[in-house]
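Participant: So you can see what is in the structure, the chains are spelled out below.
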Amino acid sequence: MQNLGLLTPELVLAGLALAVMFLDMVLPRSKSRWLYHFAWLSSAGVLALVVASLGAPAAHGTGTLWTADAFGQFFKMTVLLTATLCLLLGLDYKALPERHAGTFAALMLLSTTGMMFLISATDLLLVFVALELVSISSFVLAGFERGNPKSNEGAMKYFLFGAFSSAILVYGISMYYGATGTTRLIPGAAQSPMMILALVLILLGFAFKASIAPMHFWVPDAYEGAPTPVTTFFSIAPKLATFCALMRLFGTVFPAAQYDLTALFGLLAVLTMTIGNFTAFFQDDVKRLLAYSSIAQAGYLLIGVAVGTARGTEGVMMYSFIYVAMNIGAFAVAQAVGQAAGSYSLDAFDGLARRSLGLALAMTFCLLSLAGIPPLAGFMGKLYIFSSAVESGRWWLAAFGLLNSVASAYFYFRIAHRMFFRAPSEDAAPLAVGPYVYGGIAVAVVGVLLFGVHPEPLIAGVRASAPLLP
Amino acid sequence: MLSLITWSPLIGALIVLMLPKENKRAIQIVSFVAAGISLAASLWLIPQFDRSATAMQFVEKWSWIPSLNVSYYLGVDGLSFPLVLLTTFMTFISLIGSLGIEKRVKEYFFWFMALEVGMLGVFMALDLVLFYVFWELTLVPMYFLIGVWGGPKKEFAAIKFFLYTLTGSVFMLLSILALYFRSVPHTFDMIELMKIAQTSTVFDPRFQILVFLGLYFGMAIKIPAFPFHTWLPLAHVEAPTPVSVILAAVMLKMGVYGILRISFGITPLGFHWFLPALVVIAVINIVYGALCALAQTDMKKMVAYSSINHMGYCLLGIAGMTAAGFSGAVLQMINHGIIAGALFLLVGVIYDRAHTRDLSAFGGLAVKLPVYAGIMSLACFASLGLPGLSGFVSEFLCFLGAFQNWKWATTISVLGIIATAAFFLRMMQKVFLGPVNEKWADLPDMSPRELASLLPLVAVMIWFGIDPKWPLDLMNATVAHLLGK
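As given, the protein sequences belong to chains A and B, one line each in that order.
To convert, take the position in the first sequence, counting from 1, and add 41; that gives the working numbering.
To convert, take the position in the second sequence, counting from 1, and add 169; that gives the working numbering.
In isolation and in its complexed conformation, chain B is listed as follows:
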């Protein structure tokens, strides 16, 4: 089943490649069907997913390269399953957003589908080589998606993103090789490696620290954690709207997921050694990200910096090393995926109409575009953590989890929330309130297609805000198991 989820987009991509490029409708339909199968299959797994189990579920394991003891090994647990759902869901949503793409449709959908394969694989792979292959598989499609369909500085953004991430991941590869040769018998199997790390002293502390640093370098660039965040504003701003959605909603989560799954699972001593630094980085991400966002005049750039800010909450939750913190971090990943996805879509909506994203260019739009204003406000409130909406729950859990161990850091971070609130409220004030800017007097409100992509996201924001128990139940058992309780 997991294979079906992972590979159906690839099959879609190959069919797209064979279709004539004039036939846009067929290309879109094939892509939707492929992503739809993926989504349906992942939803179908929800009722079968055992929420109390701590082991991997729906495991598929075949020998892939027996000479190197590499296997094709997929499985999900409470940590990865929500992220798989997030990926299939957000890909489908951004496909709706992609219907507006007019230029070189065939190539676009081909790369988009290939990208989905990579993302899903990262969250399911339980073999380090397989993980690495999927991890890198996301890079190339993303390079082309930014570089061909992006904004004015797209080419530079694309290559910067690519080289930055590739540099990080080669260090990750070194760490993976080191783990392989240190383990006896040599294995890339994550579960085996975790067992070795917990039950024996083969991985001595110094080794774990080195390996952790290599892994962390790769993950931190992806998250992005300060000071490796500089690719993000550029890439997110230059990418076309649906791709920004994917970047923010799914790609950033790969880094946090990697830290939880691999760094924490296989090199716990290295992780503990690094904790104080991680807390500092989390605080910097939160405060610095928020302050940067506050300084932006471009709406998209502001949302991009808000992602750095929100990934800081995730890191803080992880650094807390408590069940609440971990659950908060995982839930925050999901929530940020939904909310940031919605925000990027919304910024795309206004950009499509006005061809500017400058905050000061607007004013009083709430009168002209009531539906748009309503949804945008909701997404902003969810993002800044208004109780009753999804963002609040996860941010609260992250702080709660971190406060027990890092009182000062958490206090500073809570202050960071004020800055977060400030930039969102300032944006709403400038865009929606105040005197109507006559230049935009005849902007149309949202089209059915835009509503179709945004309403599901809004529904989830409200749902998780009111009933956070449902997503938390998916992950609680696994989180407790991760922490060894």
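For reference, chain A alone in the conformation it holds in the complex:
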């Protein structure tokens, strides 16, 4: 039990999650909303802890199964930010049963804790346990709207697929153990066939969580069925945490300087982007559309992983951070619109610009940012990632990424098209939007605009925290 202090944020959050469960039992039903407030405040508090430790080398170090470094703290920050904002969105989400508020909030926090452990883990055992904590809480969260058949279907698919990929992961870990005699991530392992098989299997297990093709089939169904704040959460936090773990794993075991894995990751990146974008063309449900878009976004992130240089890593970090803002914004508007219309069909967006221009513009900004149009933050992130590909001479990756961005603009504009070009269907009154959703949208839009126009602080921060601690 070395250096347990490094895990303070994780332990605090786990304790708070349990406290939520306990409070759920003692609080009267009428006060159950307090639990949400308690949950988001705890998440925000831990976020503050993590941010404070970002620039403090004293809080960094290596433990037996874990490590706390700026790289990990950065990703923990994105995950906690997402959790906080999604809990806030949950406050305005009406389909959540009041009496399960405690369960919901506790599960969100537990899932977040799992992601933080995943980010810190330097041992495959801890990776597996953390991943299971994330997954099991997620299965329940996905099926939280029990009255909604789609929610049940999504949760079921998610669960079956998740169990399957966990098995693959464990199988990979066991082979890793067979090849190296340890479950710890160690550099310079012999490149035996068993080792390669082990890493491919582990990669597949990760690909499931990060919605990387070909392990993405659960994504649209689970996203469509889950309560919207949970969908928002799924589309960001587990993905980013897994990317962090993925980079830590391959960065340690197969450092890019010695092993060129571009072909493998590049292929996955191209596959993921292309499948995500081209399937999104045909979606008529905004949650499904954004689900495929989030698959495609994982593909862009993979470009940075495939490049493997310092700039590539920085690009992934920077894009991750921006991705939080733009995806939360898009989903928050989708939640507001979907809740008002009672369905998430694209028709619900008809004429939004004439009903609530501000909301329509916010959505447009977030979508344009996802498509990578300047001067929004998404452009800066993509610029960074693609520039890392160009720098290392992998032109084809950058070209694929850019062409995919053009293709993605088409379906993002399908939403913009409905908001601005169509007439409102019957109800032309301005949309009623809850205060917390408004807050989420405001944070997202400010982030998207601010980091688009003034990305320097973010880039500097990312540069400072990119190096891995073994």
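Hints may be right or wrong, so weigh each one.
Unchecked claim - Distance ranges between label pairs, derived from CB positions: (1) Glu324(B) <-> Pro190(A): 46 to 52 Å; (2) Ala89(A) <-> Pro216(B): 52 to 58 Å; (3) Val487(A) <-> Val583(B): 41 to 47 Å; (4) Met187(B) <-> Ala464(A): 21 to 27 Å; (5) Thr350(A) <-> Ala649(B): 42 to 48 Å; (6) Gly86(A) <-> Ile180(B): 36 to 42 Å.
Hints were generated in silico from the structure; no laboratory data involved.
C-beta atoms are modelled at their ideal positions from N, C-alpha and C, and glycine is treated no differently.
On the provided structure of chain A, position chain B as indicated by the hints.
Facilitator: Only chain B this time, still in chain A's reference frame:
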């Protein structure tokens, strides 16, 4: 000062966004004030602009993203300054034309102002990332302006325009990144990159050719150069009149400007390699554009094709690689901006009254609408290059510049002028001459608002036709410097 010119429309746009949407008058006033400040500031710079200097003037340079060595770097020289003037001027003119917009006024002016920011920025930016940001900034407002306020096929036109241009510009972005990583130290600074291209061999010929092709792809779509012109007729026809004016008068110039500034400046070897192809493309643009225009029955579509034809003259002038050709190309950009802007406004005037643009639907209008007929004829004559009007000077210079190096191509292009003349004269004949079509017996002549937007353009056409020395003096020193003389 350049920042004031660029950003005052944005401030206007933000104020517009905060105004209640019922208050149309206030929205229009704010937009006019914002565009007016921009225009006034750019006019105020004219006397201070040093016509003999070859360096960038009114430079503003601040660090923007130091980690990537990106700076906020604005400046103008004889190449960009006339285009800045053109932009502020034409935006103001088309704002007058926009007063007729009744539908969703608030959004319209918001996007329109945002568009002006992008256009001005493109002509002033001296940093490639900044340039790219502004370049893309023009796309989104234009998408909405065409898509919401356009004609029957507006939605398709809007998305086609958007995706077409975006595809081109991502290749441009790849080229920009390639330049960045090839230069040492890594820089996006255009001036630095030009120096590197001229003084060292870091950019080897093969690299320059590749980069040139990427850049050219982005620019050619914008110009539009054959065979990337197919978005243009659709977008120009479907867009509302003031937006067509902006598209033709300013947006097309961004491509030619980019070729002169970036492709020619930073990848000269690539440019030389491409010259023979460029000449062929120029000739095709001229002849094919004119023939297409000749085949149209829709007046607006005809004017749209005439733009393709006129951008061909620009390309021909550039391909000439002589001072006369370059000056001609830049002047042609300005003149085409003024003339095509006027033509689109005029087509809008008749469409507003008759709700048709079919050439054969009219006849004998000169009797009923003498003022309109007079202005339209003047604009047509200027466009087909009648001596004494502005179009003649620049077209003549383009041919003169190109003839020294490309005799056959220039000869064919001169023949293209006949087709240009043919379609304009045919239009005038069908619309204004012949027996009066009684259906239009009580069309009113031009309103004061329409006159207010057109008379300044007419004045400039005549002025530049009689005294071309004034605009040419603005650009001569820079052009000579560009060619290394």
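Participant: All hints, please: hold or fail.
Facilitator: Hint check results:
The hinted range of 46 to 52 Å is not satisfied by glutamate 324(B) and proline 190(A), whose Cβ atoms lie roughly 35 Å apart. In this structure the hint that alanine 89(A) and proline 216(B) lie 52 to 58 Å apart at CB holds, the actual value being about 57 Å. Taken as a hint, the range 41 to 47 Å is violated for the pair valine 487(A) and valine 583(B), whose Cβ atoms sit roughly 57 Å apart. Distance hint for methionine 187(B) and alanine 464(A): a CB-CB separation of about 25 Å, consistent with the stated range 21 to 27 Å.
Range check, threonine 350(A) to alanine 649(B): about 44 Å between beta-carbon atoms, so the 42 to 48 Å window is met. A hinted range of 36 to 42 Å for the beta carbons of glycine 86(A) and isoleucine 180(B) is consistent with their spacing of about 39 Å.
In the structure shown, a violation is registered for the earlier hints numbered 1 and 3, in ascending order.
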